[in-house]
Every structure is written in C-alpha cells, then in structure tokens.
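Going down the list, the protein sequences come from chains D and H. Residues 1 to 485 (UniProt numbering) are what the first sequence spells out, left to right. Residues 1 to 485 (UniProt numbering) are what the second sequence spells out, left to right.
If you are wondering where the hints come from, they were derived from the structure by calculation, not from laboratory data.
Since the list can't tell identical chains apart, any single copy or any two copies may satisfy a pair.
In silico DSS-like pairs for lysine-lysine, Cα to Cα no more than 25 Å straight-line:
(1) K346 to K285
(2) K423 to K455
(3) K227 to K346
(4) K273 to K346
(5) K145 to K133
(6) K221 to K244
(7) K455 to K65
(8) K145 to K221
(9) K65 to K18
(10) K244 to K133
(11) K455 to K221
(12) K273 to K285
(13) K221 to K133
(14) K285 to K244
(15) K145 to K346
(16) K273 to K410
(17) K455 to K425
Protein chains: 2
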Amino acid sequence: MIEAIQITDPDSIVSALKAVVGEDHVLTRPEDVEGYLTDWTGQYRAPALAVARPASTAEVAELIKLCNACNIAVVPQGGRTGLCGGGVPVAGRETLVVSLTRMNAVRSLDVDGRTVIAEAGVVLETLHDAALKHDLVFPLMFGAKGSCTIGGNLSTNAGGSNVVRYGNTRELCLGIEAVLPDGSVINALTGLRKDNTGYDLKDLLIGAEGTLGIITAAVFKLFPAPKARSTAFLSVAGLDSALKVLNRLQDHTGGGVEAFEYMPQPAVDVICKVFPAIRRPLEGKVATGILVEVASSRPHDAAEMQDGTIRLATEVTELLGELMEEGLVLDAMVAQSEQQRADLWKMREAILEAITENGPAHHLDLSLPLARIARFVGEMDAEMDRLGFQPLTVGHLGDGNLHYALSAAKGRDWDALPLETAKEKVFALLTELGGSFSAEHGIGQSKLAVMTKLKEPAQLDVMRSIKRALDPGNIINPGKLLPPG
Amino acid sequence: MIEAIQITDPDSIVSALKAVVGEDHVLTRPEDVEGYLTDWTGQYRAPALAVARPASTAEVAELIKLCNACNIAVVPQGGRTGLCGGGVPVAGRETLVVSLTRMNAVRSLDVDGRTVIAEAGVVLETLHDAALKHDLVFPLMFGAKGSCTIGGNLSTNAGGSNVVRYGNTRELCLGIEAVLPDGSVINALTGLRKDNTGYDLKDLLIGAEGTLGIITAAVFKLFPAPKARSTAFLSVAGLDSALKVLNRLQDHTGGGVEAFEYMPQPAVDVICKVFPAIRRPLEGKVATGILVEVASSRPHDAAEMQDGTIRLATEVTELLGELMEEGLVLDAMVAQSEQQRADLWKMREAILEAITENGPAHHLDLSLPLARIARFVGEMDAEMDRLGFQPLTVGHLGDGNLHYALSAAKGRDWDALPLETAKEKVFALLTELGGSFSAEHGIGQSKLAVMTKLKEPAQLDVMRSIKRALDPGNIINPGKLLPPG
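Between the sequences and the hints, there should be enough to build the whole structure, so can you do that?
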C-alpha cells in the first residue's frame, strides 16, 4: 500500500517512517543524528533527513518501499568502522540512514552442523563469543572486531588476518537474507554446503557495499577451536624468501597457518615510537619481519612431548631450525606464553593508530599475486624513497594483501610531497603486475576515481547494467562503489 | 563491424562463421554435428545450424557478436558429460553450438603462488596431471574427470567428493576470463586472494550454466599434494551418528577429511549385483556405510611409527577404536594398500553405471543442512518404500549432498509407479527442512519445472532482471536454468 503514496513533505515522511519502526527509532534531532553522518575516518560527511533503526527484516523492507515511493536515498549502516565513506550519506540526495544495529540477534547456532545465523547488526566479537561457547570459532579477525557489524563485514567482504586459512567473509558465508532495492525480500538462509539453483545472488550482494540491497542476516560456517597454537616473529631473508617460508610452513603443518603478517622495520619502528611500552620482538634491524601463527584442532598436536613442549610447537621449531640452516629465516622469536603471543598481536593491531598518531599519511589497500609481491615492494619502496615518502607498510602477506601507507620521509614536509605522482607510480606498477587497488576495505567514496581509471570498462558496464536493473531509481546507497557512467 | 551486418541466409551465416574460426572448425554436415546435439543422458536433443570450434577468446567474442547480429542462439559446450541438458540446443531457436574443446591450453602454472590458469576446454584430469607434476593437487574430483572440461565445471559449479575439504569449483576459482552476451570480454584472471573492486562478476558467471556469458579461462588455487592418506569403509550406527563421526574425524585430523561418502546397503547391493567382480568391503548388512578418506600434507604424518604403521593411519585407527567403543561406529575396514584404496573408490565410482544398468530410475540431486539429513533419509526412505520405490542413494555426506535415485522396488513395475507423487513427497519434506533440489548437477532443462515451483519468486525475479540486463536478445544458452517468467 505504501508504494502508492507520494509523500513529499519531510514531516509526512518522518511520520510515515515512525509508523514503520516506532516513534523512538526515528532520529531527526541534529544532536541525535550527528554520529550517524560519518565513519571512522571522519573524512566523509553529509546530512540526512533522518536515521531509522528497524528491528526486523519486514521493517527494513517497509522502509525501502517508502523511500522508493518518495525518491529518498537509503544508506545502510552498521558499526561505522568503515575507512572509505561507504556507509555515510552523500551530498545532493535527500537521505535516510538505516542503522541495522537493533537487528543484533544471533538467531540460532547449529553445533553439529557447525553453522550460525546472525543478524546484520551483530558485532563481530559477539559472534566470536557465541561460537567459542561451543568450542567453535568464527574466524573473521581484525582490529575493529569490537565495533564492526556482520552486515558491514559482508557488504565489504571484509578480510583481516585469518584469511590465509579460512578465506574472506564471502567464503565464510553460506547464505543470506536480504531486502532488495524494490523492497522485496530474499530468504536464502539455507546453510547448505552445496546449492546450485540459479544465479549466485548471495555473492552478488556480498561485497556490493549495500548498493544492490540490504543484507539483514546471514548463515556462517564455524570451525573447531584450535587446541594448540604456535606464534612467532621471524626475520626472513627477503620477501621472495617469505613466500618460500609460507609454503614450507603450510606443508609442514598441513595448511595450519592462520596468519602470516608482513611487519617490516619501518612499521615496527613507528609502532615502538608511538607506543613506547611495546617491545621489539627481535633485537637489531629486521628488514623483513613476519608475524606468523600456526594452529591445529588435533588433540595430538596439543599433546606434551617428552621434553615438555607441545607437539605442534616442537614441529614448528624444528622447521624453523631447518629454514635458518637454509638461510631463508635469519632469526626467530617463538612466543613461549599466552602473554608473549598477546604482545605480538598487540603490536600488530597497533599499526593503524600508530600511523595515524605519527603524522599525515595516505593509506593504500593493495593486493598482488603472491609471487609478485617481492618485486612490487622492492621497486616501489625505492621509488617512494626517491619521491620523499616513507612507506609504512604492513600486510596480510599470506593473501598478497599490502596496507601500503605513504608517510613523509624524515625531514620532509607532507604538504610539499608529490602524492598524486606517488599514487600514479603505485598504480602503474600494480596494474603491470596484475594487482588490485582495493583488497579488503572497500571502494565506498574514497576509491571512485581509481575505480574509474583502473577497472576494466567492460566490467564497469556490466556492473552498471546490474545496478540499473535492480535499482532503477538509484535509491540504495547511491554515490558509492560505482563511479557515475 | 560484424554487428552491423544482418545476415539471414544460413549459407551466409556459415560463411561468416568460417571467416571467424576457419573453414575446418565449422561443422555443418549432419554426421559431424550429431554428437554435439546431446549430453551424457542422451535425453535432451535438438538440431543446430552448425558447430563452431573457436581457438581463442577473441574468436568466441566474434562468434557471439555475429550471433547477436543474426539472432542466433549460442550454446556453449564442453565435454558433454552433463546430466541436465544444459549444454545442448533447444528446439525452436536457430542455434550455434560453440564447442570450447580446442581452447585446451594450461596457460601457466605458478608453483610458488600455487595457482594455475587453464582454458575452458581443458579436461579436468589434464589439470590434475599438470598440478601433480609439481607435487600439487587440483582437488576437484568426480567420475566424469576424464572427459568433462573446466568450462562446464565452472558453469555448473561442479562439486564431487572432495568438496568437504576444498569446496566446490566456485571456491577453487580465483578469477575468470569470459565473453559476455554482447561479445565484450572481461579479463579478470588475476589469481588474487583478496580483490574487492565492485560486484563479484566471477561468481555471477560461475554456476550460471552459460546463460550470462561464456567463461573462456580461469585461475584456480592449487594445494600441496598429500603425503599420507588413510581410507576406510565404516559401518556407522545411523545417519545421526555419521555427523558425529565426521566432526570427530575432522577435529582429530585438523580438518583432514577429504571425502565422507554415504554408501548405504541398497547402493552397495546394486553395485555388487551389476559388477560381480567388486567385493563388499564389509561382511554382513551395512545399513549406514561410509567411505571415508583422510589426508595430510605434513611429512610427519607420513612418518613410520615404531610398529611400522604411518602416523596418520595410526591416529585414525586409534580414533576409530574410540568411536567403536562409544557405539558410533559398528565395524570398519581400513585400506591396507593402495590397491585396497583403489578398490573402495572403484566401488564408489561405479554407482551411476550400476543404477543405469539395473533398470529405470529417476535421479534427484538434493542437499540438506547436515544436521537434518538423518531425518530426511529416515522419513523419505520409509515413504518411498510405501509407494513401491527402492531408493538407491549415495551421497557426498560431508556436504549434505544426496544423490537420491528412485528405482522400482523388487517385483514392482516401474511404469505403474507414482513417480510424480514420489517427487512431490521428496520436495515437500526437502522444502520443510530447508534443503535444495539442485546440489551439483545443475538445472539445465531437466529441473525447470521444479525451479518454477520451489525457487522463491523474489529470487527468480532478480535472476530474470539480471538476465534481461545482460542478454536482452536472449542469445546465450536460452531455455536453460531460468524458467520462462
């Protein structure tokens, strides 16, 4: 019925919104709305007509129908931890922010089938805790876990540090429930491991940054909790050696590598400068530092050996010895306690804050074929040095994902540095090597220009055709992901 | 330029086709074309104007442009091992079969990056061999491996017996190259583990059965070859117990279960009847038979223990002992040699031929949430028995996938049995339990009716919108996958 109504007066629209989600869940006062207008960066901000906080999928559907009828843009929003302006209003369109945070139920957890159904507003860490109660893990893991929500994780196909073993959010998701741009609902919360009944709408919506509909719930895979872990900080001979080390570790542990994080000297330096309490894991210069974590759910791997060590750690230490003899690993610190492990991860997770504290920087979220990372970093670090930049890189090296942050080299004035030239150099080599300019943070508003420049025109055309077909009124999250055609 | 030409006379069309792929690679004589008009079932057959055998992606693109200009339907075709009529012409449309079998190059294999680029016409077993040369595996595995091609595997998102560990074809594929319905080419052979630059066109084309474009090449993940294996045939206490046994095996081996195949008594009986040379793995009645295979790439797992056994086998045998004490496993035969292992797999792979030889049967390719399989099989087997059917079921139980084949019970006349009623019963319970009517064989032409009946209308609508947006002329593989709207 709502579709037929043409409401143009803002007050009538707000009344209609309140009729859908209830008086208390439509925010319109500037002080209430303010926090919903930007994301973690604070860089993207535009006004909104109102914020609606639906409690159910049916309410989301009604809101979308209403916005269609009134030509109001809808911005789906979760924990506002985005780095690309994907979940905030854009200027020039009357906008309703739809905050999914009230849809925060873990609907069900199937212990034997090892699946869980969670609503879009569930905080990632809440899902971790729900799984762990049953000795299972939901392995999606990154710094924002305490505030980001499942809906945002899905919409950006979030990655993080455990992708090398468990895949991105996409690979962890077995099915979704979503509201499409016309307000219709698709129910595909099946939890099936095999299901081929037509086009893969789940994967079309995952990573679409809310531009093809609003995911309201999802079924995820769960995995047995590790019984044994081994965490170490390695100094390896170079990035070429790092790939060899990764493969050897994978083979030696039967694919047990849960994280393989690149932490070169400049990144460790800036962390230790900003957070003096954080200790360097290894003495001296560590050009190619790697934080590695191996885990196993095999009870035998957690068994104590004759010398008191556990089997997994023994086997990893033994391999590290071999790799040192071969000259691939130069030095290694293996965590001897849960505290030492926590310290290593604390260091890793401090990097974004450290770079931010350190001074102005431009963040690039790149990925490359594993075998070409060494060449990229070698050539590009030298090039950036010539231009006056100091790259502060960390990366999920096991996935070929580099967070390549450009800061000013010592004594250089940021504002005088040729940032555009630097970006052009980065993207030119990246393209030559078959890399991607957007690995895991999303496009949002921040990468529309590079999307226009680097994405294959034929692919942009298909994407635009799909967007037009599903959202002819350009109602759902306009101005994000897809550059104007 | 071709787009502008309107060719309507068949001879001119054939000349134009020959200009694209060469004189020798356009087949028009009935005896040459005949083999391309049907698939493995022989059940679906319609005439074609010609068969074109392009040698490159550019030739595929030119063929599609030509067919668009002349309103000729295009049927992409691989090894013709399909079971659903997805790769053959349909009546009522002038049709060109585009056989991809000449595009059969393994373009490159990145040993350190563990990826391979293969063209659509590469036979699956060829890819197995290419990987194994480097001590790596491409783990997609099923009976048709010697003739099916990569393009068909991708277009049906093929599964098979190793999905429980490695996923479906979709999860194995990192990127594709494809020709879209308008003849444009997308180049996304990136091999990246993380890449979020817009809508997931790769997964949209995978499983689309050639109705949204023709995949011409793909990048796949490779995995380290197992160093140790343990294969066994188990008699378990029931399907509920089977899921517990699977989870225990997974935890005990750190996710090392490569296959977990349901082989109940009736299936084993029919195999042994049709192929008397095949021996039963266990004496006596085995209501719930499971063929299980565990593997590990860890050199330590292949190490010989003091008693001469290898570590992996020792640990699996030890667990089986525990499971027998707990009453979950009733009996077990662990393969003691490569020959015994081969015999077990020969038995498993003989099932389709055995059912076909045995007499008329109706094949259903179902999947269910793991935790609901026991209820489905329990209720449905009893129901089928009441209706006069004997289900000859095998299944990839680790994925919840049942190949539920209905044959006539002993002494019953197939033609007098209520097949439609039986199917209705199956689909009713399947729907109630959240299962899928199409797990891994595809929709093709064979499941259009059930697709109309059971697929959610909102999902069918989106699928049709996408099809119309990408292929307004309905040129690419019409009459497959999508029921007329």
